[in-house]
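Start from the sequences, fold in the hints, and give me the full structure.
From first to last, the protein sequence lines are chains R and V.
Quick note on our numbering: the first sequence kicks off at 50 and runs consecutively.
Quick note on our numbering: the second sequence kicks off at 3 and runs consecutively.
Treat the hints with care, since some could be wrong.
[Stated by the list, open to error] In the EDC-like style, the derived pairs of lysine to aspartate or glutamate whose C-alpha atoms are separated by at most 20 Å in a straight line are:
#, chain 1, residue 1, chain 2, residue 2
1, R, Lys86, V, Asp233
2, R, Lys86, V, Glu156
3, R, Lys121, R, Glu316
[As the list claims (entries may be wrong)] Label pairs and their calculated CB-CB ranges:
#, chain 1, residue 1, chain 2, residue 2, range
4, V, Pro231, R, Ile84, 57 to 65 Å
5, V, Ser230, R, Leu368, 42 to 50 Å
6, R, Val101, V, Val251, 35 to 43 Å
7, R, Val104, V, Ser91, 17 to 25 Å
8, R, Val101, V, Gly46, 43 to 51 Å
If you're looking for bench data, these hints aren't it; they were derived computationally from the structure.
For every residue, glycine included, the Cβ atom is placed at its ideal position computed from N, Cα and C.
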Amino acid sequence: MPGPQPVEQTKVTSVSAQRAAPLLQASGGEVPDRIFKSAMTACGLAVIGVLVLIVYELVSGSGLSWHAFGFKFFGGSDWNPVSEQFGALPFIYGTLVSSLVALVIAVPLAVGVAVFTTEMCPKVLRGPLSFFVELLAAIPSVIYGLWAMFVLVPLLSGYVEPFLAKTFGWTGLFEGAPYGIGMLAAGIILAIMIVPIISSITREVLMVVPQHQREGVLALGATRWEMIRVGVLRNARAGIVGGVILGLGRALGETMAVTMVIGNRPEIAKSLFAPGYTMASVLANEFSEATGDVYLSALVEIGLALFLVTIIVNALAQLLVWTVTRGQPARGHA
Amino acid sequence: MTGVAVLTVVLVLAPLVAIFGYLVYRGLGSINWAFLTQTPKPVGESGGGMANAIVGSMLILGIASLIGVPFGVGAGIYLAEFGRNRFGSAIRFTADVLNGVPSIVIGIVAWSILVRGRGFSALAGGVALAIMMVPTICRTTEEMLLLVPQALREAAYGLGIPRWRTTLSITLRTATSGVITGIMLAFARVAGETAPLLFTALGNTFWSLRYDQPTAALPLQIYTYANSPYDDWHRQAWAGSFVLILLIVTSVAAVRYVVRRGTFGAA
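Right under this line is the structure:
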């Protein structure tokens with residue numbers, strides 16, 4: 050920050066006239082004020098400018114592919130750079146299914162953790178516990194991927210997948226060779242990554258449920274579990290759903306960890322053991338090597354689709370959380 | 003039911019413990035002097051290190067902070083001091099939207115603006131990361147500035163101090179530690195980002211300290227080595243991850259320590 054900084058102690062209320070003197074000297078008239086305001090406005094404008102730029106680049110970059118394939122782009126399942134045939138369905142399928150698997154695993158865990166921290170655990174543990182859960186959010190995606198490749202995948206192929214195949218094989222979801230790498234591994238690693246988001250928002254939402262709701266339900270003779278179910282969770286429903294959708298938004302756009310374990314094959318298979326491919330992964334793998342304008346444009350169009358979906362999902366989530374916390378911004382996604 | 007809740011906590015904390023355990027176990031065991039001082043060896047030779055990637059990461063993060071911090075703090079100041087209007091709400095909404103944009107999409111945009119026709123560069127990587135830093139910094143700066151009591155501003159106006167001096171030397175200074183916490187949050191978030199660097203900074207197996215050249219970065223190097231078939235490179239990927247986590251934690255801790263000492267008694 051420019052200029053001398055004469056306010057050494059920040060208790061400015063006790064600033065003496067002497068201390069304030071340099072501030073007054075450097076004052077100037079209205080002009081610096083106006084310059085300052087326009088500079089700050091420019092910074093604010095830049096934020097909007099960046100978003101406009103993102104939209105513009107994505108739309109103009111994907112034009113070629115849009116003209117060539119139209120809506121068929123999202124319905125076709127043939128991805129062949131050599132014959133310049135591009136259909137994004139396998140990637141859309143992979144993104145949706147891996148995120149769905151992640152939600153199925155993460156939501157019960159995250160809500161459980163949030164309920165435990167707000168309603169059950171001793172006060173002393175509350176702080177450290179939420180700190181540790183949020184520590185999960187600070188681990189870079191590529192490290193999750195590394196860990197998943199060398200620890201999670203062998204675990205899955207050696208123990209978990211054979212077990213699932215034997216017990217639930219009849220559903221058709223757990224068929225085929227248990228390689229470890231595939232949709233299930235991607236879903237699990239995504240689940241670990243989105244638990245902190247969902248649980249921190251759920252915790253915030255549970256905390257704004259008024260205390261007298263709990264007391265009222267208890268006074269009616271409910272057990273503690275009934276109190277949590279009827280008095281707390283039901284009241285916080287919309288906010289929890291908001292947190293879940295925010296987690297979904299994160300899972301949809303997650304790139305590195307998924308790319309490292311999903312197998313990267315553009316196929317649509319019913320079994321979760323089978324390898325897949327996501328929209329973000331295909332960008333990570335093929336974008337810098339794409340030759341030919343149509344190929345590149347098709348990849349940018351996938352980026353545009355991903356951008357639009359995550360924005361809609363995030364806006365919906367913010368709205369839901371907002372209805373519960375009444376304007377207090379939802380934090381915890383960092 | 004309490005048992006079920008405890009079980010969920012255990013299930014959530016287990017991967018955390020496992021990841022950190024592995025990081026320390028495999029990472030610490032793999033770090034040696036060569037890893038920290040040498041550049042990668044060609045395929046087939048063992049040894050070598052990630053010195054260029056560590057320095058490259060710092061270069062890219064430096065560029066990102068140089069661009070992202072002023073814009074983020076400026077936008078935050080605008081929102082807190084002048085932003086009680088439609089335009090302010092529009093910026094707030096846009097910042098929240100930007101926060102949710104997948105990092106790989108930001109990589110594409112940085113590629114089409116700065117790389118297409120020019121070639122991969124550290125600058126493009128830095129800009130991509132800066133775009134990711136701005137929303138976080140902007141929103142936390144606003145929140146922190148709004149916490150500063152209105153009376154403080156009024157006292158300054160009463161002394162005849164112009165608005166810009168009041169904002170910079172009194173409001174912002176009072177909120178310094180909060181604002182810097184926000185900056186570090188954004189920094190820690192982008193420090194481990196890989197996706198936006200894949201086609202902006204690209205990576206490099208040699209030294210490069212120029213802003214307009216392809217530059218190695220720690221997360222990129224970890225990704226490349228993890229996907230390789232060589233055991234020695236896997237070992238180095240773990241070591242790199244350990245260094246990356248250490249880099250993030252120490253830089254955050256160092257800045258917070260300095261800030262806490264610098265404005266002691268204020269926060």
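Now the hints, each set against the structure:
1. R/Lys86 / V/Asp233: violated (57 Å)
2. R/Lys86 / V/Glu156: holds (18 Å)
3. R/Lys121 / R/Glu316: Measuring from Cα to Cα gives roughly 17 Å; hence the hint holds.
4. V/Pro231 / R/Ile84: 57 to 65 Å: holds (59 Å)
5. V/Ser230 / R/Leu368: 42 to 50 Å: For R/Leu368 against V/Ser230, whose Cβ atoms are near 44 Å apart, the range 42 to 50 Å holds.
6. R/Val101 / V/Val251: 35 to 43 Å: Taking Cβ atoms as reference, R/Val101 and V/Val251 lie about 36 Å apart, which means the hint holds.
7. R/Val104 / V/Ser91: 17 to 25 Å: holds (19 Å)
8. R/Val101 / V/Gly46: 43 to 51 Å: Since the Cβ atoms of R/Val101 and V/Gly46 sit about 48 Å apart, the hinted range of 43 to 51 Å holds.
Violated hints amount to a single one, hint 1; each of the other numbered hints is respected by the structure.
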